[in-house]
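Asks: The residues making up each chain are set out below.
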Amino acid sequence: MIVRWLLLILGGVLLGGIVHLATVIILPRTATQDAYARLSPIAPVNTVVALPSPTPAKAVMPFMDPAFASAVCRYDLSRGPLKLTVPVSPAYTSVSFYTRYDVAYYAINDRAAGRRVIELDLMTTAQHDQVPEDEEVTAADRLIVESPTLTGVIAIRAMAPEPGLLRVAEGAVAASRCSTQQPEPPPRPAARPPEPVRPRK
Amino acid sequence: MRLLFGTLFGLAVAAVVGLGLTYYALTHGAAFGGLTIDSWTAWPKSGTTDADPYARASIARSGRLPTAMGDGVSFTLTSDDDGKTLDGRCEVVLSGVTPTARFWTLTLYNPDGGLVANSTNRYGFTSQEIVRRSDGAFEIVMAPRANPGNWLPTGGVERYELVLRLYDTAVGVSTKAGREVPMPDVATRSCP
Numbered sequence: 001m002i003v004r005w006l007l008l009i010l011g012g013v014l015l016g017g018i019v020h021l022a023t024v025i026i027l028p029r030t031a032t033q034d035a036y037a038r039l040s041p042i043a044p045v046n047t048v049v050a051l052p053s054p055t056p057a058k059a060v061m062p063f064m065d066p067a068f069a070s071a072v073c074r075y076d077l078s079r080g081p082l083k084l085t086v087p088v089s090p091a092y093t094s095v096s097f098y099t100r101y102d103v104a105y106y107a108i109n110d111r112a113a114g115r116r117v118i119e120l121d122l123m124t125t126a127q128h129d130q131v132p133e134d135e136e137v138t139a140a141d142r143l144i145v146e147s148p149t150l151t152g153v154i155a156i157r158a159m160a161p162e163p164g165l166l167r168v169a170e171g172a173v174a175a176s177r178c179s180t181q182q183p184e185p186p187p188r189p190a191a192r193p194p195e196p197v198r199p200r201k
Numbered sequence: 001m002r003l004l005f006g007t008l009f010g011l012a013v014a015a016v017v018g019l020g021l022t023y024y025a026l027t028h029g030a031a032f033g034g035l036t037i038d039s040w041t042a043w044p045k046s047g048t049t050d051a052d053p054y055a056r057a058s059i060a061r062s063g064r065l066p067t068a069m070g071d072g073v074s075f076t077l078t079s080d081d082d083g084k085t086l087d088g089r090c091e092v093v094l095s096g097v098t099p100t101a102r103f104w105t106l107t108l109y110n111p112d113g114g115l116v117a118n119s120t121n122r123y124g125f126t127s128q129e130i131v132r133r134s135d136g137a138f139e140i141v142m143a144p145r146a147n148p149g150n151w152l153p154t155g156g157v158e159r160y161e162l163v164l165r166l167y168d169t170a171v172g173v174s175t176k177a178g179r180e181v182p183m184p185d186v187a188t189r190s191c192p
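If you read the sequences in order, they're chains A and B.
For the first sequence, position 126 matches number 126 in the working numbering, and the numbering has no gaps at all.
For the second sequence, position 87 matches number 87 in the working numbering, and the numbering has no gaps at all.
FYI, nobody ran anything at the bench for these hints, they're computed from the structure.
A hint or two may mislead.
Said to hold, decoys possible - Selected chain A positions facing chain B (in silico; Cβ < 10 Å):
#, residue
1, Trp5
2, Arg38
3, Ile42
4, Asp102
5, Ala104
It should be emphasised that the depicted structure is a prediction, and the values quoted were computed from it without experimental measurement.
Think of the CB as a built atom: it goes at the ideal place given N, C-alpha and C, for glycine as much as any other residue.
Isolated chain A (complex conformation) (with noise of 0.2 Å):
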């Protein structure tokens, strides 16, 4: 009888093994209040949303920095690719890239774009493979980063060393710009000069 009982509580703690590794995996796929559920009733796709700074009463995420003003980009590249600009603030500006489950796969900060503005194009490897290789080698100095997933998030962030700075960084947060690519990019207004403008075929 004892020996049975034992048997069935090995039984189960085997069983519960399986159960556990298999809770972990699913986990991130059923996930209702993950960062990017979080945000996506306030971030339409595709374009760029600031994100309120975190107070003791509300934050869109945990975790947060308060020392930096932010702003994300939903994107979703079943329509084609996407464009990324953003200005650099004057002290520390970062754009980090996620998966549609939250895993971060690409980042890159202000010294390491080397710019005053960051741009970048990203795409999927299917749709990277399409670009046409002299095309790429003419825009030799655009950045071009492959999605693992169709679907995912861009973090765009500034920071404010004091307070004060907070309203700059927001600023240059808030400029930033994510779009879907059109196949001929119609020639940038005149209206903006700290962009150089650069011949592109």
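Position chain B relative to chain A; hints supplied.
Replies: Chain B only, in chain A's frame:
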């Protein structure tokens, strides 16, 4: 009948063990590849595509976006150097130097990752804000009441966490805990 009871019992054990382990692992921050220096712990791999299933599950459950590699690395502290849980009613002193980074921020959160309300609206410090000694070392005091110098109000909460984020730093996946990465010391000075 006995077979039915036996099966149900076995399944119940499986459910309790399996879900219990998952809950425990995710609430206690179990993930592989943690980098522990003194009392500080970081999971640099959680900010990469190499993040293990535990890290992914814990990120999804908490609802945060992890600090990505290439942006920086976050160290979390829940207890002082003597192993005493950080208590907002006590006076806790953080002193020393930080690893090399272009910028860093230190933020005080409640265990759920929310900011702690206080009268001065100060939730943390950045590397540019703190007052340092002539040798570059600094001291930050976490206390419920105002303190001279770098005072980080705790709001008198029972438990809190400190997160030290290093931005644009060489500290990362390949870092070994050791002398090359000096983390600030944390000590509880007085408790009511």
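Asks: Confirm or reject each hint.
Replies: Evaluated hints:
1. Because the beta carbon of Trp5 of chain A sits about 8 Å from the nearest beta carbon in chain B, less than 10 Å, this interface hint is met.
2. With its C-beta approaching chain B no nearer than about 6 Å, Arg38 of chain A sits inside the 10 Å limit, and its interface hint holds.
3. Annotation: interface hint on Ile42 of chain A violated; nearest CB of chain B at approximately 14 Å, more than 10 Å.
4. This hint holds: Asp102 of chain A has a C-beta 5 Å from the nearest C-beta of chain B, less than the 10 Å allowed.
5. A hinted interface residue such as Ala104 of chain A counts as satisfied when its beta carbon comes closer than 10 Å to some beta carbon of chain B; here the least separation is about 4 Å, so the hint holds.
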